[in-house]
Amino acid sequence: MLVNCVAYQEGRKLADIPKEDISEYVKRPDCFVWAALKEPSAAELDEMREEFGLHELAVEDAHHGHQRPKIEEYGDSLFAVLHTVETQGDELSVGEVDIFVGPNYVLSTRVGTERGFADVRARCEREPHLLRNGAAYVFYALMDKIVDRYFPVLDALETELETIEEQIFVKNAARSNIEALYELKRKLMTLKHAVDPLMEAVGKLYGGRVPQVCENMGEYFRDVFDHLQRLHATIEGIRDMQTTAIQVNLGMINLNETEVTKKLAGWAAIIAVPTLVAGIWGMNFKHMPELDLEFGYPLAIGLMIALDVVLYLWFKKIRWL
Amino acid sequence: MLVNCVAYQEGRKLADIPKEDISEYVKRPDCFVWAALKEPSAAELDEMREEFGLHELAVEDAHHGHQRPKIEEYGDSLFAVLHTVETQGDELSVGEVDIFVGPNYVLSTRVGTERGFADVRARCEREPHLLRNGAAYVFYALMDKIVDRYFPVLDALETELETIEEQIFVKNAARSNIEALYELKRKLMTLKHAVDPLMEAVGKLYGGRVPQVCENMGEYFRDVFDHLQRLHATIEGIRDMQTTAIQVNLGMINLNETEVTKKLAGWAAIIAVPTLVAGIWGMNFKHMPELDLEFGYPLAIGLMIALDVVLYLWFKKIRWL
Amino acid sequence: MLVNCVAYQEGRKLADIPKEDISEYVKRPDCFVWAALKEPSAAELDEMREEFGLHELAVEDAHHGHQRPKIEEYGDSLFAVLHTVETQGDELSVGEVDIFVGPNYVLSTRVGTERGFADVRARCEREPHLLRNGAAYVFYALMDKIVDRYFPVLDALETELETIEEQIFVKNAARSNIEALYELKRKLMTLKHAVDPLMEAVGKLYGGRVPQVCENMGEYFRDVFDHLQRLHATIEGIRDMQTTAIQVNLGMINLNETEVTKKLAGWAAIIAVPTLVAGIWGMNFKHMPELDLEFGYPLAIGLMIALDVVLYLWFKKIRWL
Amino acid sequence: MLVNCVAYQEGRKLADIPKEDISEYVKRPDCFVWAALKEPSAAELDEMREEFGLHELAVEDAHHGHQRPKIEEYGDSLFAVLHTVETQGDELSVGEVDIFVGPNYVLSTRVGTERGFADVRARCEREPHLLRNGAAYVFYALMDKIVDRYFPVLDALETELETIEEQIFVKNAARSNIEALYELKRKLMTLKHAVDPLMEAVGKLYGGRVPQVCENMGEYFRDVFDHLQRLHATIEGIRDMQTTAIQVNLGMINLNETEVTKKLAGWAAIIAVPTLVAGIWGMNFKHMPELDLEFGYPLAIGLMIALDVVLYLWFKKIRWL
Amino acid sequence: MLVNCVAYQEGRKLADIPKEDISEYVKRPDCFVWAALKEPSAAELDEMREEFGLHELAVEDAHHGHQRPKIEEYGDSLFAVLHTVETQGDELSVGEVDIFVGPNYVLSTRVGTERGFADVRARCEREPHLLRNGAAYVFYALMDKIVDRYFPVLDALETELETIEEQIFVKNAARSNIEALYELKRKLMTLKHAVDPLMEAVGKLYGGRVPQVCENMGEYFRDVFDHLQRLHATIEGIRDMQTTAIQVNLGMINLNETEVTKKLAGWAAIIAVPTLVAGIWGMNFKHMPELDLEFGYPLAIGLMIALDVVLYLWFKKIRWL
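Going down the list, the protein sequences come from chains A, B, C, D and E. To convert, note that position 110 of the first sequence is 110 in the numbering used here; the numbers rise steadily by one, no gaps. To convert, note that position 266 of the second sequence is 266 in the numbering used here; the numbers rise steadily by one, no gaps. To convert, note that position 197 of the third sequence is 197 in the numbering used here; the numbers rise steadily by one, no gaps. To convert, note that position 229 of the fourth sequence is 229 in the numbering used here; the numbers rise steadily by one, no gaps. To convert, note that position 306 of the fifth sequence is 306 in the numbering used here; the numbers rise steadily by one, no gaps.
You may find that some hints are simply not true.
Heads up, the list lumps identical chains together, so a pair's fine if it works in one copy or across two of them.
Stated by the list, open to error - Straight-line Cα separation of at most 20 Å, EDC-like style, residue types lysine to aspartate or glutamate; simulated pairs:
| no. | residue 1 | residue 2 |
| --- | --- | --- |
| 1 | Lys187 | Asp90 |
| 2 | Lys204 | Asp308 |
| 3 | Lys38 | Asp119 |
| 4 | Lys70 | Asp292 |
| 5 | Lys27 | Asp76 |
| 6 | Lys70 | Asp226 |
| 7 | Lys145 | Asp223 |
| 8 | Lys286 | Asp16 |
| 9 | Lys38 | Asp16 |
| 10 | Lys192 | Glu236 |
The hints are simulated quantities; they were obtained by calculation from the structure and are not laboratory data. These figures come from a predicted structure and were not determined experimentally.
Just chain A, with the same shape it has in the complex:
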């Protein structure tokens, strides 16, 4: 579905144009076209390929989807694949944004992404002095927005880790902690698969030899790279702590097992000792003088209780109970 398609000149909006006119505007050296598609059909992609003169292999990639994030050069144009990561309830959902960038056009298509990029267009149109930089600037602005949207997702994961850390030394939380740690790991990996390949790709857009279409924008792309590097470092930091947390959790589970065994041992003793005492006075020897005492029975009960009190205090002292 075509979301919108606008021609710009000197950083200012010229007109909304019908898709049939794209090829015409693209030919004009002084203006550029910025079109956006959403969940495009094969037919729409094909139409766009013809209007913009896109490379067949790139269009095929966009059509099949499920690509790894990457930025590829096709002659003097670029084809970029980015992943969006959005929170949906407790899960992360991954969408794909493909961007075709040529000297005077930008075409973005998004699949499986809830939030669009109308705000990017609005902000660009409010800043004509920057939009004047043309297609590369739009490319930067889209990429910057997508990368910026990773941060709240990562912040949520950091918060998840902190919540787990608060619970990790709490008794009886081991099962929920371990489930939460595994879930956290899965989400981290999702984010990592979006961030790491992109970081690698963006690193080639500034510094040494850069694609012609991105020239003179080095500081902007370095800025995006910088954000990606920060995301990457934070992800690695969380992964590292999460690995340690799993080990610590295992230690806590085993500590807890020991404590249960100690409790079992303590209470077993408290029941078994009076049972032994009762067994002794249950023997059938003829000559057991205390059996004839009037207060023999209450004394026996008293003895049992006394033994148990001693045992109980002893186990409390060595912290087995």
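Chain A is fixed; fit chains B, C, D and E onto it per the hints.
Just chains B, C, D and E, lined up with the frame of chain A:
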């Protein structure tokens, strides 16, 4: 066994040719020969060596088999070793495809591979504008097909991981989970050994200095590299999760142990406490007035039951039962 | 808040200058301005941007804060982000110092940092022969001070590790050890996130191509790099030992579990054996001659005690008790 | 001990020569000398040093032995250290082969190696068209043979791993598995220490700048490198699986522990419940009407058995027994 | 403290010189001065700085000590920091040797090192043909000696590992093994921190661009590098085995736990079954005919013993006892 042997000119099939004529057609600058062998004997390989003028070391490698995936230059020709990975019941079976590529010939030999490459030939013949690119294009098409066939195998492994993940926090599934995780790891390693060395090798077919025979095909080989990189990243992702899953599984086993110990303790108490009570009234003291009560016995039984109900509820409350 | 703002000439203090005059002094080729801000507001940063002619992207980074340590070139000026790590009670608190360095100015802003850099300024003013090197020297001096302040923090972490190591083979310390090890890891990661990116960045200030503003100061920046490398190696060393310590701790927990089980088994036997003996003489067989013996009962008790003494000594011998 | 010493010309054997004549033959530009020593004494090495004109540092290394595999250039000659790995009963024994290669000589010395290289010499002499390549070819042939001998050793280790894998989910095999896994690791490390440094060294004998003596032999050395890379990849694969196997083994040990605890709990219940029942009817209450029943006793026994049957079936059902 | 200070000419000792004359001898192009300090005071270092014309930053590093091993260029002179590792009882003690090398002087200072380098000087003076190489040769000789002294330390650690390996599958050795493994790790890390940074630094003294003072000595420094690489590889090998050993140890601890639990279960059954039997005949049913049998009691005891013998044999058979 020679599967087929065809000469092409200008991207179109010229004729099926007998193997004796290969050396003749290979000499013609305007056409190229595409031959395919299946489980070749030493004699067949030798014949091919002479007809195509292959390098001795390459033929020896093809003869011995069990090579690591690789792409080697011998003068102006290439020798490529690729692994095929096919699902056979619950197991993965690895086959080997060796491809000799020269300026105007392609010879492929496959060993231990069930599915052939007739579809590659058919598709190439339907697209003469592409086949016109010659031997390098056929090389690309074969490689692309082999790599494409990795994806369903990997998808199956991803599904296996997901199945395990659904089971990992289920009680009493620890043994089958751990077996499944180990099996998954073995399959992953099989795929990894096919993918990683090939990725490394294909990465040298585009970009900087490339073998002459592959020139001007950079975008195609980059595409294959891209697929391999995606496979590689997914494999690494599964491995990472699988490692964590094994640790989590160990945690679950230990948690389960603790629960068994708790149950043991709970039921032990429920049996031991009335045993103690019975022991007490089994003592032989003369003066135990309650023994003479008419309802002493039912009261005793009632006391035992009451104690057990209290214990049961208590253990339920602290979740030991 | 502007902490101070001074103009220097030939390594000597010229005058405290009001911020409105900065742009004037910065234009003079023979002197340089060194200003310091603390918790700057957006307005203050904007003012500085105009006076010093700072790059917009750098100012934006300084305004948003929470950057990864880095050193970036903007034309002939540098923008550096450093983290300060201070001990606050049992926790580490991270602050940020941003430094803008141009051919004849240095502007530092600090956020969330308790200790200022008045001592750096004082020392620089006492050594005019070094301060004569200009902005790059001030940059070095600030960076050197920040890096120097990491050492006592790291020393404290090393001491923490040693304290844990002394406790690690002590019984019943497993829980506190594991908590301490996790806490140590968290602090290490905090320090690591300050040190590692900075090391990488400083490594580009000497050796091959260096930013013009840092020329001829190579030996100084190599010295800072050297300190960072030492910090890095020590951090990695502690991490490595800490990982092993967690594994060892898990082993100790399991060893302890075994010991508890052994104790449980030993005492269970010591209680159960006389219970069995009592049970035997509690049977109601008619013909049990020993029941009629006068000393039957004390002998029975004696037997029980004897059996228990034997058991006790045996368990002591095999170290189960 | 001098094994043999032969002069070759044009790829053909000229004569067995006494060691005193070596220096003479080495001077002749059209022939080369191939000598082999076994467990050489310091005096023999010294003699060789003079005859061949070897570098002092290289001879010293050969004399001391226990070097890491390496290939070093000394002017226009090479000094190579290789490890042989031989199976001796259940153990691997490591020997050392040192090879000195000059423009027209090859001297090999072997220490602690059972199998010699007579077959290499025999094969070389059968192929004069290859031997004509001179010293570098002999160097290749020796290296190739040593590397080829690693394969059966590695195959044996792979078989060991497979044997363990078959045992790993078998009950009560945990102890022998863990011993076998540790032993496997030790052997793997031995092989790894022979293969990895050599791979690194051989990688410098083809491709870019190569030692002059090895020129034009690139395809041969690449072949050796290829074999080493295959060995390396297989070793890493086994290591990876072995690491996972140890973790899995730990999981199996813990699972087994749980099963033992379950069995203990099950049988404890089966014994304790009738004990309780017996205890109840062992009480001394006056009014226990069932005690007077004629079939009271058999009924009691019947009840005990019935309870145990129920318990047994229950524990079977939940798989505790 | 000045240990000694000697001037050499043409590889031969000229004279012991007082430290005031150093600056004079250093100026002579045909001779060089070799001085050695031990635990130098700040004043002594300052004096040396003036006599030899050392760089301020290098002297400062030597004064502060606790540097990471490194080799730094200051103009045409070198400053090297090396660690000595000496065995002191059961512990390793780390000392520091700093070496200043200029075109015609070598100054070494050692701190915290027991063994001096008198033997290096003696050997150098016995070999004037080598000492003729000047300061770089002395530098090599000192470094070579320090590195050589690492080998016996490492050998001791290898022996420690082997001792542990012999104990690792022995029962009841788990606690001492785990303590020994941790201790081994600590010592390994100490050695590693001495070896690894030095290896990196020495690698820059041969091959490509080398500091001028070390020119033409490449083969000697490669030899030192080679030794360091061997140390490095052995350290890594021990670390790898030690990591596995800790995991194996954990497995042994858990196996042992299982065995204890089995023993507990076995003996519990052997005590509980006759207790049950005694309980049955302790019931008070009127009609229990066997109670009246003359041999009822001995038969009952016999039954108990028989049951226990059966149980004992059974548990022996399944290896629980």
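For each hint, the structure was consulted:
{"no.": "1", "hint": "Lys187 to Asp90", "in the structure": "within (10 Å within a copy, 29 Å between copies)"}
{"no.": "2", "hint": "Lys204 to Asp308", "in the structure": "neither (76 Å within a copy, 73 Å between copies)"}
{"no.": "3", "hint": "Lys38 to Asp119", "in the structure": "within (15 Å within a copy, 34 Å between copies)"}
{"no.": "4", "hint": "Lys70 to Asp292", "in the structure": "neither (95 Å within a copy, 90 Å between copies)"}
{"no.": "5", "hint": "Lys27 to Asp76", "in the structure": "within (15 Å within a copy, 38 Å between copies)"}
{"no.": "6", "hint": "Lys70 to Asp226", "in the structure": "both (17 Å within a copy, 9 Å between copies)"}
{"no.": "7", "hint": "Lys145 to Asp223", "in the structure": "within (12 Å within a copy, 28 Å between copies)"}
{"no.": "8", "hint": "Lys286 to Asp16", "in the structure": "neither (114 Å within a copy, 105 Å between copies)"}
{"no.": "9", "hint": "Lys38 to Asp16", "in the structure": "within (17 Å within a copy, 49 Å between copies)"}
{"no.": "10", "hint": "Lys192 to Glu236", "in the structure": "both (9 Å within a copy, 12 Å between copies)"}
Checked against the numbered hints given earlier, this structure breaks hints 2, 4, 8; the rest are met.
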